[in-house]
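Chains Y and P supply the protein sequences, listed in that same order. Sequential numbering of the first sequence, starting at 1, is according to my numbering. Sequential numbering of the second sequence, starting at 1001, is according to my numbering.
Worth double-checking, as some hints may not be accurate.
Said to hold, decoys possible - Quick partial rundown of chain Y residues pointing at chain P, CB under 10 Å, derived from the structure: (1) Lys-45; (2) Pro-69; (3) His-103.
What the hints assert, rightly or not - Label pairs and their computed distance ranges (CB to CB): (4) P:Gln-1025 - Y:His-221: 52 to 58 Å; (5) Y:Ser-13 - P:Ala-1296: 41 to 47 Å; (6) Y:Arg-111 - P:Ser-1510: 48 to 54 Å; (7) Y:Leu-108 - P:Leu-1421: 24 to 30 Å.
Bear in mind the hints are in silico, worked out from the structure with no lab data behind them. Note that the structure is a prediction, hence the values are computed from the model and not measured. The beta-carbon is built from N, C-alpha and C at its ideal position, and this holds for glycine as well.
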Amino acid sequence: MLSTRLLTKRYGSLTAVEDLDLEVGAGELFGFLGPNGAGKTTTIKMLVGLLRPTSGNARVAGVDITAEPEQAKALIGYVPDAATLYDKLSAREFLEFSGDLYHVERRLRDRRIAALLKLFDLQDRGDDFLSGYSRGMRQKVSLASALLHDPQVLFLDEPTVGLDPQSARQMKDILQDFCREGKTVFFSTHILEIAERMCTRLAIINHGRLVAMGSLQELRHMVGQDGQSLEQIFLELTGSREDDVSGVLRGLES
Amino acid sequence: MASRARPGAGALEGLGLGLLLWRVQLQMFTNQTVRSRQAGRIAATVTGAAVILLAWSWEGFITWLGVQASHRVPVRVDTVHVLSVAFLVYTGVLVFSSLVFSLNALLLNPDLDLLLAAPRSVESVLASRMVVQVLRLFLLSLLFTGPALVLLAVLNQNPLIPFAFALLFLLYPVFVVVIISLISLLLVRIIPVGRGREVLTLFGIALAIGINVANFLLNPALRDSGFGRRPGVAPSLPDIPAASSSWFPSGWAGRGAAAVLSGDWVTAGQWILLLLAASAAIFAAGSVLSGRLYMAGWIHAVPPRRRHATPRVRRLRGALPLLSPVLAAVVIKDWRMRTRDLAQLVRFIMPVVFLFIIFGLRFPRLLGAVRGLGDGPPAAMIGLIPAWILLFSLSISLGLSAVSLEGKSIWVYAASPNSTLRLLQAKCWSTALPVASLVALAALAAEIMIRPGWLWAVTAVVLAIAEAAAVTTLMVGIGAVFARFDWTDARRMMHPVGIFIGMGLFSMVSGISALLLGISIALAAVTRFPLFTTWLAAMTISVGGAVAVAALGILFGNQRLRGLEVG
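Kindly generate the complete structure, drawing on both the sequences and the hints.
So this is what it looks like as structure tokens:
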């Protein structure tokens, strides 16, 4: 469903993502992990066609995102980390706009909007301007917009940030239902607990390079210690050390 | 947040914090200009500095001329009164700018939370805002009057003049800034969350209209001008007798300034000291009071009003049946954004308001003069001038900002399965439709009143509509080339270079159209072709040229957008 070959993005002398090879199948809920600045958002933006790769390629359902961006984008739903929405539109108007951009037939669009607003508990606030929405509510509108055209692959960048526990749980359920229909979810997160519980497979990226990919069990084998939590594996593979943190904190106290 | 410190401590701490904030603002300014290491920004800074130097030279020259004239033709002027009136007028500017600044600081600037989270008293944080505003106004005053003051010091052989005036400029705004800051704290209570920008825009509009109407009605240079000055009426400055009252700060500042100019330093010192004492007292009291108001919960703005879609709003959905759903969606979305955001709505309304001020107040005499030209293309084309001015204003403000209007939400379109050319098409529709409609209305109204002959009038209106569509399309293309998506303030939507190029190309189109009109009239006279034929041919060439340039603009714009990366 999703594949990348030697995907690279450079900004001048800075290499944000280097030679990334990914393979994600249909029905997978794929977690993309990495420390801050590792290249997660850059990768997702290349995969949804917002950034052009410096080299390499990416395919979504067999369509090359660089060569045929419009065909590929029709198959993609995208939820950015901090969704900037049109403040002076209501949620309903924004979803109508989004539906039209994705060529959803009007009656179907209106039906889906009603269903999505209900699903995200926004039916009472659907006609309020987005400027009055909290971050979590905006995130919900953004996810509703990404689901509106019934995409094959859903890309989410830190989807649970700003959501209350109830909404985060609701989002997890929605994503799992989405995958059960044979569609793919590709999401980045910092919350390893969520990734551990939800994802069928995971990839860990550090300094723009893929350091590990596989199921949780495969990652455990990779670091050579069964029974380790994803957090321990993550820290092991990305070179983060708890004792480093303690040292710095002690330094601040003195 | 410790807010119960001894009286005056908050004001003193606020003074220190204000100076710290000012230093940070200067740092940000230098980082964005001379230290930016970006050729474009450095060039803009150098250009800006050159413009200021030019304006200073001009101001110096005018001051020198004025001083020379006063030596040759002695005029008896009540200096105290004139300077007091000047300070009173300056108070009006201070009120508006302080209101905008204070509300901006309270409603829109995120750094207020940062400051309040620091271990500083609320009084000192709010006082620091006042200090920053006073310093800003002080520097602006010096920027505008500096060369004149230096020249006066040289010509009067009195080197202390600039320093004394600088002290006046520093002290005089204090009472206005403090009072307005307190009023702002009260106003915030009735401004709904998220409507701060609109309220500030409203103040901006009121200020702009006020200045223009006052200028039009009071400026002696504009009074009785136009088609003949009434004989025996000498131009005079408006007078406000109360301005120089010794009970008002304007009177104190006016007296102090007049004494400085005449070299009477004892009198000057007395008035400046009075201003200093009053300013210090009001600043200290204002700091305490603002802290109390804040702590009493005045800052808590009212929550946004719940909104329910009305049938009128829902009707928009099927409003553009001839356009594809994507184009219609963008056009409707843009229309909603423009009409719901006051800052955007102003772009529609202001040109019409100014057109009314410029032409409406001089209407009968202008109409008589144009009607005197009789039937034919000159009268018909002169009738298009209001529409042309409207086109200039609307095409620049709406066309150039059409693509940038997306702002940070550009990702919504960029992630959708649509080409950039389609976005530009949609933007052309969303701007050309309202611009051409308003231009058509203005042209039609003018032609109906001028009555240059129906054939000429109808052709002129059609021509205006075609030019409006072409020019607006051109501006959309230029706006795409210089699109900005990182703005938070609507005023920063348009790139200065884009505005410059847009204005230049508009002037070219206007000049060529006027030239072609002249050629068509001359050609008809020489060759004895029917005037309508030569005129129509000339205007067709003019519209064709505008369309060709617009197409080029769209191509360039599309090229820029295709290379866009939403990083």
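Evaluated hints:
Hint on Lys-45 of chain Y holds. Least Cβ distance to chain P is approximately 7 Å, under the 10 Å limit. Below 10 Å, beta-carbon pairs count as interface contacts, and Pro-69 of chain Y has one with chain P at about 8 Å; its hint therefore holds. At its closest, the beta carbon of His-103 of chain Y sits 7 Å from a beta carbon of chain P; the interface hint therefore holds under the 10 Å criterion. Separation of Gln-1025 of chain P from His-221 of chain Y is about 56 Å and conforms to the stated range, judged on CB atoms against 52 to 58 Å.
Ser-13 of chain Y and Ala-1296 of chain P have their C-beta atoms about 55 Å apart, which leaves the hinted 41 to 47 Å range violated. For the pair Arg-111 of chain Y and Ser-1510 of chain P, the supplied restraint of 48 to 54 Å holds, since their beta-carbon distance comes to about 51 Å. Between Leu-108 of chain Y and Leu-1421 of chain P the beta carbon distance is about 27 Å. The supplied range of 24 to 30 Å therefore holds.
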